[in-house]
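Position one of the sequence shown corresponds to residue 1 (my numbering), numbered consecutively onward.
For the record, the hints were derived by calculation from the structure and aren't laboratory data. Fair warning: there could be bad hints in the mix.
[Stated by the list, open to error] Using C-beta positions, here's what the derived DEER-type ranges look like:
| id | residue 1 | residue 2 | range |
| --- | --- | --- | --- |
| 1 | L149 | A36 | 44 to 50 Å |
| 2 | A118 | G70 | 34 to 40 Å |
| 3 | L20 | Q52 | 30 to 36 Å |
In this text the structure is predicted, and so the values were computed from the model without any measurement. Virtual Cβ for every residue (Gly too), placed ideally from N, Cα, C.
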Amino acid sequence: MNDPMDSLRSAHRKAYGLGLALCLGTPTFLAVLMAARVVPPGPLAPEGLVQQVGYLFTGLVFLSGAWAWGRRGRMLRGFNAVAEAQRPALVLRESLLFAAAFEASSVWGLIYWTLAGAQAGRHAWGFLALTPMLFLALAPRFSHWAKGLEA
1 MNDPMDSLRS AHRKAYGLGL ALCLGTPTFL AVLMAARVVP PGPLAPEGLV QQVGYLFTGL
61 VFLSGAWAWG RRGRMLRGFN AVAEAQRPAL VLRESLLFAA AFEASSVWGL IYWTLAGAQA
121 GRHAWGFLAL TPMLFLALAP RFSHWAKGLE A
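Work the whole structure out from these sequences, hints included.
This is the structure:
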């Protein structure tokens, strides 16, 4: 007989793996494009309006992290109320939602690269590096989902 924890573990393994693959694959792909100069670096100086855009992107990355932190707490608190048959789909949906939210950091990095990459490339690369770090730090692991069932 299928144990509910086994099906949840299997669903989490697939969902977490897919989310991690997205959060590693997209920045890696963009990094290759940027390093090979397929996407040329922007000529603008990182000052004035371009600097403000960089601050905006940084704020949006922090906002996505704060959103994920809050959503994670809400989802885990209400996880035991979800019907057993719907739990694997919920785990998959949430993992992909987290991955999509963190993928925005890669997009901000690419945009910043096209604006000021020649002089502020380290910032663009930083946005790319944040994508997998955010996923690893904030996406719920199996132990979090299992603990949510106990609550």
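Quiz item: Honestly, which of those hints from before does the structure not fit?
Solution: Violated hints: none; all satisfied.
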